[in-house]
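*Asks:* Turn these sequences into a full structure, and let the hints steer you where they fit.
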Amino acid sequence: MFCISVIAAGFAQNMPDLPPKHLKLYKADRNHLICADTTVLAPFWDKLDSLAEGANKQVHIMHIGDSHIQADLFSGRIRQLLLDEKLFPVAGRGVIFPYQLAKTNNPSGYQVTYTGNWEGCRNAARDRECQWGLAGITATTRDADAIFTLKLGYSASLKHPFKRVKIFYPTQETASFTLRCMAENVLSDSVYKEAGYQEFILKDSLAQISFQLKQKDSTQRYFTMQGISLENDCRGIVYSSLGVNGAEVVSFLKSPDLDKNLKVVKPDMVIISLGTNDAYMPRFDEPQFRLSLGRLIQRIKMAVPEAVVLLTTPGDSYYRRYRPNRNMIKAVKQTVHVAEETGAVVWDFYAVMGGFRSVQRWYAHGLAQKDRLHLSAKGYQLQGDLLYTAMMRAWKAYRKQKQANLSK
Numbered sequence: 001m002f003c004i005s006v007i008a009a010g011f012a013q014n015m016p017d018l019p020p021k022h023l024k025l026y027k028a029d030r031n032h033l034i035c036a037d038t039t040v041l042a043p044f045w046d047k048l049d050s051l052a053e054g055a056n057k058q059v060h061i062m063h064i065g066d067s068h069i070q071a072d073l074f075s076g077r078i079r080q081l082l083l084d085e086k087l088f089p090v091a092g093r094g095v096i097f098p099y100q101l102a103k104t105n106n107p108s109g110y111q112v113t114y115t116g117n118w119e120g121c122r123n124a125a126r127d128r129e130c131q132w133g134l135a136g137i138t139a140t141t142r143d144a145d146a147i148f149t150l151k152l153g154y155s156a157s158l159k160h161p162f163k164r165v166k167i168f169y170p171t172q173e174t175a176s177f178t179l180r181c182m183a184e185n186v187l188s189d190s191v192y193k194e195a196g197y198q199e200f201i202l203k204d205s206l207a208q209i210s211f212q213l214k215q216k217d218s219t220q221r222y223f224t225m226q227g228i229s230l231e232n233d234c235r236g237i238v239y240s241s242l243g244v245n246g247a248e249v250v251s252f253l254k255s256p257d258l259d260k261n262l263k264v265v266k267p268d269m270v271i272i273s274l275g276t277n278d279a280y281m282p283r284f285d286e287p288q289f290r291l292s293l294g295r296l297i298q299r300i301k302m303a304v305p306e307a308v309v310l311l312t313t314p315g316d317s318y319y320r321r322y323r324p325n326r327n328m329i330k331a332v333k334q335t336v337h338v339a340e341e342t343g344a345v346v347w348d349f350y351a352v353m354g355g356f357r358s359v360q361r362w363y364a365h366g367l368a369q370k371d372r373l374h375l376s377a378k379g380y381q382l383q384g385d386l387l388y389t390a391m392m393r394a395w396k397a398y399r400k401q402k403q404a405n406l407s408k
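Here the sequence shown is numbered in our numbering, starting from 1 and rising by one per residue.
Read the hints as simulated data drawn from the structure, not as lab findings. All values reported here derive from a predicted model rather than from experimental measurement. Using N, Cα and C, we set each Cβ at its ideal position, and we do this for glycine too. Don't take every hint at face value.
[Stated by the list, open to error] FRET-style restraints, in silico, Cβ to Cβ:
hint, residue 1, residue 2, range
1, Ser188, Asp371, 44 to 50 Å
2, Gln298, Lys151, 33 to 39 Å
3, Gln403, Leu253, 38 to 44 Å
4, Ile329, Thr113, 50 to 56 Å
5, Gln288, Ser205, 42 to 48 Å
[To be verified] When the alpha-carbon atoms are kept at most 20 Å apart in a straight line, the in silico DMTMM-like pairs for lysine to aspartate or glutamate are as follows:
hint, residue 1, residue 2
6, Lys193, Glu173
7, Lys216, Glu199
8, Lys193, Asp259
9, Lys163, Glu184
10, Lys266, Glu306
11, Lys86, Asp37
12, Lys260, Asp204
13, Lys402, Glu53
14, Lys402, Asp46
15, Lys400, Asp46
16, Lys301, Glu340
*Replies:* The structure is reproduced here in structure tokens:
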């Protein structure tokens, strides 16, 4: 059953230009949101309505996933489309992770420089156990004087100045260093031990900021970065994205502070883009995948009960470049089942993409990489265009139906 079966007239002003249908790169008739309960999305759509009508508030979307999300090409495209939408502009960059500290690829929307020796730890590593939070990745240093600098945006359109910075780390551990903000306009500096973060409130908005580790005494021996939240008071949408290369669903279940971070961030919608790595192996454990995904959704809903959970199914892919991966069909089936059981919403990218072996057609048109597993930059842009279009159609339809009900 579709969440919204009526397509509203008058879409958002910046609906993307999708490739012509004759290329058969995607199935337009499958590009919609699916849910068993049509009322699930109503609270989120009402918040968008409030923004569109000029309310001075923020709506926060949190997108977590694997390598498809870490690079922020797919999620970044949606953020850019929202930035261009006058009805609800992007208010801020939201939660990020300084991936360069962990020696892995960083999104292009911000840059991180640092001093000291840092070691990364990903939740995708099966033989590692670290103090992960929502980001699913940490960076740890034992250099007491280490400094890291964060700079937003390479262009004016990508800059979202911030007035508050929350840095997540294991604040309750007495052996942890604390932080000193090197900016001149710091109004307050507070450590919230139980909530797991240190907050800096600034007098003026900034797009670049530096922090230095602070060692109070010899018992403090290290610092573990879990993530950073960049905040302001501007109205609009905050679109955060956090991904981990190689992550599976069970990877995020290993994060002990995931729930704690979620309670602080308080997203209105959580988008989960996982399953590619779960189903990549020659043998796919369907029952375990279904159980793990259900548990992850349960943890999210317990931490933020009012948040809507949107699952995006993995796209079609090949195993080791040359073998079509039928496991993806099973992963999609289980994702839909879990959504029905938990009251989550599904965007079936596998079906939209074209189904089994469709990645070969995407590759032939320059939309997928040689591994037939990851998309190209243009491919991720199209994926973002398609999800954004599905969301805006559903929202516009809901809005039209709501107005019709009020006029009766």
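*Asks:* All hints are to be evaluated individually against the structure, with a verdict given for each.
*Replies:* How the hints compare with the structure:
1. Ser188 with Asp371: 44 to 50 Å: About 48 Å separates the Cβ atoms of Ser188 and Asp371, which means 44 to 50 Å holds.
2. Gln298 with Lys151: 33 to 39 Å: Cβ of Gln298 to Cβ of Lys151: about 38 Å, so the range 33 to 39 Å holds.
3. Gln403 with Leu253: 38 to 44 Å: 42 Å, holds
4. Ile329 with Thr113: 50 to 56 Å: Violated: the Cβ-Cβ distance is about 44 Å, outside 50 to 56 Å.
5. Gln288 with Ser205: 42 to 48 Å: 46 Å, holds
6. Lys193 with Glu173: 9 Å, holds
7. Lys216 with Glu199: 18 Å, holds
8. Lys193 with Asp259: Roughly 15 Å separates the two Cα atoms, so the pair holds.
9. Lys163 with Glu184: 13 Å, holds
10. Lys266 with Glu306: 9 Å, holds
11. Lys86 with Asp37: 30 Å, violated
12. Lys260 with Asp204: Given pair Lys260, Asp204 is violated - Cα atoms ~28 Å apart, limit 20 Å.
13. Lys402 with Glu53: 14 Å, holds
14. Lys402 with Asp46: 10 Å, holds
15. Lys400 with Asp46: 12 Å, holds
16. Lys301 with Glu340: 15 Å, holds
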